[in-house]
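S.K.: Just so you know, the protein sequences line up as chains R and F, in that order. The opening position of the first sequence corresponds to residue 4 in my numbering, with each subsequent residue numbered one higher. The opening position of the second sequence corresponds to residue 160 in my numbering, with each subsequent residue numbered one higher.
Hints should not be assumed to be uniformly reliable.
Listed next, the stretches of chain R that the computed footprint assigns to chain F, with coverage defined by at least 3 CB atoms under 8 Å from CB atoms of chain F [unchecked claim]: (1) 21-34; (2) 237-249; (3) 265-277; (4) 467-478; (5) 598-607.
Calculated directly from the structure, the hints in this document are not laboratory data. Heads up, the beta-carbon is just placed ideally off N, CA and C, and yes, glycines get one too.
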Amino acid sequence: MSPTAATLEPATAAALGAPVPRREGREKVTGAARYAAEQHLPLRAYAWPVPATVARGRITAVDTAGALALPGVLGVLTPYDAPRLGPSDDPTLQLLQDLRVPHRGWYVALAVADTLEGARAAASAVRVTYETEPHDVTLRAGHPGLYTPEEVNGGYPAHREHGDPDGAFEEAPVRVDVRYSVPPLHNHAMEPHAATADWDAERGHLTVYDSCQGTTVVRGVLAGLFGLRADQITVLAEHVGGGFGSKGTPRPHVVLAVMATRYCGRPVTLSLPRRHMAATVGHRAPTLHHLRLGARADGTLTALTHEVTTHTSRVREFVEQAAVPARVMYAVHNSRTTHRVAALDVPTPSWMRAPGEAPGMYALESAMDELADALGMDPVELRVRNDAATEPDGGRPFSSRHLVECLREGARRFGWAGRRPPRREGALLIGAGVAAATYPVYIAPSGARAHARPDGSYLVEVNATDIGTGARTVMAQIAADALRVPLDAVSLSLGNSALPPGPVAGGSTGTASWGWAVHDACTALTDRLARHQGPLPAAGLSASADTTQSAKQKSPYARHAFGAHFAEVQADTVTGEVRVRRLLGVFAAGHILNPRTARSQLIGGMVMGLGMALTEHSGLDPASGDFVERDLAAYHVPTNADVPAIEAHWIDEHDKHLNPMGSKGIGEIGIVGAAAAIGNAVCQATGRRLRELPLTPDRVLAALDAGPEGAGRVAGP
Amino acid sequence: MPHATDPPAHGPVPDGAPGPAPRTPDGAPATAVRSRVALRVNGVHHELDLDHRVTLLDTLREHLDLTGAKKGCDHGQCGACTVLVEGRRANSCLLLAVALHGCEITTVEGLAGPDDTLHPLQRAFMEHDAFQCGYCTPGQLCSAVGALREAAAGHPSHATAAAALAVPGPAALSAEEVRERLSGNLCRCGAYPAIVRAVTDAGADAAATAAGAEVTP
């Protein structure tokens, strides 16, 4: 590790670890916080995109006459006349560039008008004709288009194999051979993807307010697409209404908004209609899981295979890395973890909170529960028995791993010892379940600048994006401690591409990545101030940091956060409804820098895991090729009434192999394993193993009717 | 007093329809596509000339620069746009402004007192960290104000026990009651447990005041 990576001494750390309230709290409760679509620029116009109504084919004509005849319409851009874009790594951003329709919902035109109502009316008046081709949107285990990719999301190899997993499985005295499925899921952050773009032709400068998870990356992509220099573009994201991965890279809205402002010479706001989002901003791809676990009678795992089948679009390959967590979790030599993918005529999948880990750990942790049942062993003890001393896949030592402590502490707090047997209260069957969680530690290079003013205050500039995580607050805490000054002496500037470059708020990397740069800049400033003689000059003193070297250093350690979820559920034998009564998580994620915002984030992840378990489902209609659940009436994110009291606890780790703050990311681990814990509890309550998410009343009732033998069959090929 | 559910005083006339020119309620000439609409928003009177297609939500956000009310779905499914219309909570994306002539509207910007003293619910949301991204928060707050008023007026909810229905007077707000009454407001960050604590706290404070019918700053 670099010298800067020494963990802060607790004695000097006054702000870190304190439950500091969110800095922007007042703005958010008074309505003063402005989001991307809420920028009232003079002469602002509005854009409304037109989605394709066929699943595959070619545009043969776009009739814009009716739209252009409407009052206040400034123009309609189509693939025939839209400005040509420069290159982008992401082909989903090559909008209105050709006549091909790769999936239903792909944008085929863009209406721009004086008013929001005018733009919407114009968009609906555009007439597009197509030459259609047969489409295929249905993923199935035996799909002829399946192939093994080189890599899966995150840059992991798609296929890993150690020892003789098939032979070891055949020889194992206790075996579990099971299949699970997770449907497509949608991020659905509360703020739809939106951008307000303002092209100043005179100055040759583009200003974009974008709902995104990182403005540096948006600026870079826009520069390439529109043939501008980076210094001609400013992207701003002061407040962002959630992202959960779906705003991690630029999405179509911002490209179209920039196209529109360059076309009409006025500022333009484009806020995606909620019903467009399923097809245009990414989704969690469906995953079919085949798990085989072999164990000795004492519970020691001897074989593990996790084979994942998923889909991607024909536009871009994105492979949900759902078999990757099985390379981290348990000490088993004979293993195969592999992915196969088929490119279908579907919208392009992308990141959704804990891509890979969320669906992968649902399957692995459900299978572990089945193995515990087969062994007649307590599922907590089974996991403890198979805890890994080194990372099973690579053999590296863990920088810290407290999975066992999370399981033990969770069991104690939850009252796990008293959970069996399941009980009945009238029509309700009640049971409890457990599952483990894991999420890797990633880090990305970041810049930061710290500035001391003569009045004793400090300004810290870092291009972090606070999408609701509390980044603004935690960055100030890191700065205050590194500067050794009170928290309120530090003001913070973020969410602006003009600041030193910073990575996206994604992959649970934000705090570590931006924070390291903030720490280094503030430490450098402290040194500079210590050397400075006399009063500060009027302009103050500054210091900068760039963590490119330190962040890119390869660690000799395997670095992961771990956790354990405990759930108590009730299943209604009359209605089939499952309700979670209690959900308790214990996490080991390094040093928790702000217990207040951390708890909210962990609980938020658990709530999304509850949705994954019980309510969230999306499906592609084979006939129309469209997602059926396109809005918030059809796609059921958990409501307040679905969510019981949830507890999130943690074990504070002191890991010197991470970053100067000693922190691991916490944005995603909360969702990982939560669905498995709930599913395992349902199984314990009902005696039925359901292997297809979500556990909706129709499925639960069918399983109860079918009896223990008939339940849980995942539809095969 | 007109109400959100009342039909407009004068319906739009199809193009070319015969008959006398329609008039807006205050006597100004109306057209087939626009009307003059008077709204009182957070105590301030506004006279607006609005396209009939403009919702109350877009009136606030695009015409009055009151962007506190949020657009999450524009279909009445998420509650982010919740405001108070004549003191009652409503999804402002489902109301056409032209149908609200003369109405009193309160948005999140109107919850704080005149000297910027935060409303007890606003304070409780901050104290309990009852939000993350903040996008649903204005709707949660307005919805909570409405829900506490409804409870104080004795309105039952799906979660109200049958025995309590027979007892007149304010409805007691358990955590379960708050969850049920605020389930029209989605929060994708999953701040529900903190929202419930915040509303329960503020509701208990309100119930402890003499009137019990209003949470006032």
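S.K.: All the hints need checking, so say for each whether the structure fits it.
M.R.: So, going through the hints one by one against the coordinates:
Counting residues of the stretch 21-34 of chain R whose CB lies closer than 8 Å to any CB of chain F gives 10, which reaches the minimum of 3, so the coverage claim holds. Only residues whose beta carbon comes within less than 8 Å of a beta carbon in chain F count, and the stretch 237-249 of chain R has 5; three or more means the coverage holds. For the stretch 265-277 of chain R, the proposed coverage by chain F is satisfied: 3 residues have a C-beta within less than 8 Å of a C-beta in that chain, meeting the threshold of three. Counting residues of the stretch 467-478 of chain R whose C-beta lies closer than 8 Å to any C-beta of chain F gives 4; at least three are required, and the coverage claim holds.
Check on the stretch 598-607 of chain R: 7 of its residues sit with their Cβ under 8 Å from a Cβ of chain F, so the three-residue criterion for coverage holds.
This entry satisfies every hint, going by the numbered hints stated previously.
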